[in-house]
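Each chain, written out:
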Amino acid sequence: MIISVGTDLVSIARFKQAMIRTDGFLKRVFTPDELKLENGEPRAAISLAGIFAAKESIAKALGAPDGLSWQDCQIKYADSGRPEVKVTGRIAELASLKGITNWHLSISHDAELAIAFVVAEGK
Amino acid sequence: MIISVGTDLVSIARFKQAMIRTDGFLKRVFTPDELKLENGEPRAAISLAGIFAAKESIAKALGAPDGLSWQDCQIKYADSGRPEVKVTGRIAELASLKGITNWHLSISHDAELAIAFVVAEGK
Amino acid sequence: MIISVGTDLVSIARFKQAMIRTDGFLKRVFTPDELKLENGEPRAAISLAGIFAAKESIAKALGAPDGLSWQDCQIKYADSGRPEVKVTGRIAELASLKGITNWHLSISHDAELAIAFVVAEGK
Numbered sequence: 018m019i020i021s022v023g024t025d026l027v028s029i030a031r032f033k034q035a036m037i038r039t040d041g042f043l044k045r046v047f048t049p050d051e052l053k054l055e056n057g058e059p060r061a062a063i064s065l066a067g068i069f070a071a072k073e074s075i076a077k078a079l080g081a082p083d084g085l086s087w088q089d090c091q092i093k094y095a096d097s098g099r100p101e102v103k104v105t106g107r108i109a110e111l112a113s114l115k116g117i118t119n120w121h122l123s124i125s126h127d128a129e130l131a132i133a134f135v136v137a138e139g140k
Numbered sequence: 018m019i020i021s022v023g024t025d026l027v028s029i030a031r032f033k034q035a036m037i038r039t040d041g042f043l044k045r046v047f048t049p050d051e052l053k054l055e056n057g058e059p060r061a062a063i064s065l066a067g068i069f070a071a072k073e074s075i076a077k078a079l080g081a082p083d084g085l086s087w088q089d090c091q092i093k094y095a096d097s098g099r100p101e102v103k104v105t106g107r108i109a110e111l112a113s114l115k116g117i118t119n120w121h122l123s124i125s126h127d128a129e130l131a132i133a134f135v136v137a138e139g140k
Numbered sequence: 018m019i020i021s022v023g024t025d026l027v028s029i030a031r032f033k034q035a036m037i038r039t040d041g042f043l044k045r046v047f048t049p050d051e052l053k054l055e056n057g058e059p060r061a062a063i064s065l066a067g068i069f070a071a072k073e074s075i076a077k078a079l080g081a082p083d084g085l086s087w088q089d090c091q092i093k094y095a096d097s098g099r100p101e102v103k104v105t106g107r108i109a110e111l112a113s114l115k116g117i118t119n120w121h122l123s124i125s126h127d128a129e130l131a132i133a134f135v136v137a138e139g140k
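As you go down the protein sequences, you meet chains A, F and V in turn. Per this note's numbering, residue 18 is the first one in the first sequence, and the count goes up by one each step. Per this note's numbering, residue 18 is the first one in the second sequence, and the count goes up by one each step. Per this note's numbering, residue 18 is the first one in the third sequence, and the count goes up by one each step.
Only chain A is shown next, with the shape it has when bound in the complex (with noise of 0.2 Å):
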């Protein structure tokens, strides 16, 4: 049973732009973790912008309310490099109350642009 779906349009420019003129951007938006690679480096523009695609995604999916931390929804890749969603806090609550035990997202990008999209499944 799909609970919701949510999808995200963003454009690689203007979230560099928020990158650069936004104090604290990164911080906000980002878990430490979503902020580097496996290997310690810092994570490209481009799969930051993925993955705030991402994010946008699941606000969309439950109703974008007020309030929601952008840190209580975390992606991860997985070695395969599907991106899988951690919910935690207000988002998790907010999920649990909707009924969606899953999340399935996928997230691509082009040298523009980068589009997410996620279907909620509950039973």
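Some hints could be false.
Any copy, or any two copies together, can satisfy a pair, since identical chains are not distinguished.
What the hints assert, rightly or not - Distance condition first, Cα-Cα at most 27 Å in a straight line; then the derived BS3-like pairs of lysine-lysine: (1) K33 to K140; (2) K140 to K44; (3) K33 to K115; (4) K53 to K33; (5) K140 to K103; (6) K115 to K53; (7) K103 to K115; (8) K93 to K103; (9) K93 to K53.
Quick caveat, the hints were computed from the structure, so don't treat them as lab data.
Given chain A's structure and the hints, the job is docking chains F and V onto it.
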């Protein structure tokens, strides 16, 4: 159970050209409620392009048969900003014939593109 | 029950470059049936880019393991224009292993981008 899915990508620039160049375009594609916001102001082109992408996605999920009326598929935004689908007339008949009971829709746009995707669910 | 989802965004310009610059690209990625239209004419690059995005989406939904053959995932357009997925060989084996029984696919493109998304459904 998923009956079908649909997605559509719309260039905002080309959508604006259609708005300007094609007589009667807006009144043919959108219902009076879609053309204005809650406060009575006209809906911006970028938001109309998103609704257009949603209608195209839904037509694709139905197999894009000839002779559908754009007016038989209305997109309404809930207070939360979540888009909801209401089908009437021939589109409602086709959806019923295919066993579709729920439409799960999400829309996104940046400055240049609008995208929609829909999952048609049945029982 | 949803097993997984996949999406892919393809720049038409970069796809055309790959067509020109990469020896054997078309014959490696597409089956003979995909390369031509029903009437025998060659399929346009923009439409091939959409099929490419579809194949990438399906690979992502399978976890993008190494060693998949592009030829084991064929996209065929029904008379209605709806794209259908036919998997063979190792891709069919993997899909079966994951319990995937249905592929729900949609493709869209404008002048510059092609996008596909797929929902892999099981029982």
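TODO: Please flag the earlier hints that this structure goes against, numbers listed from lowest up.
DONE: 1, 2, 3, 6
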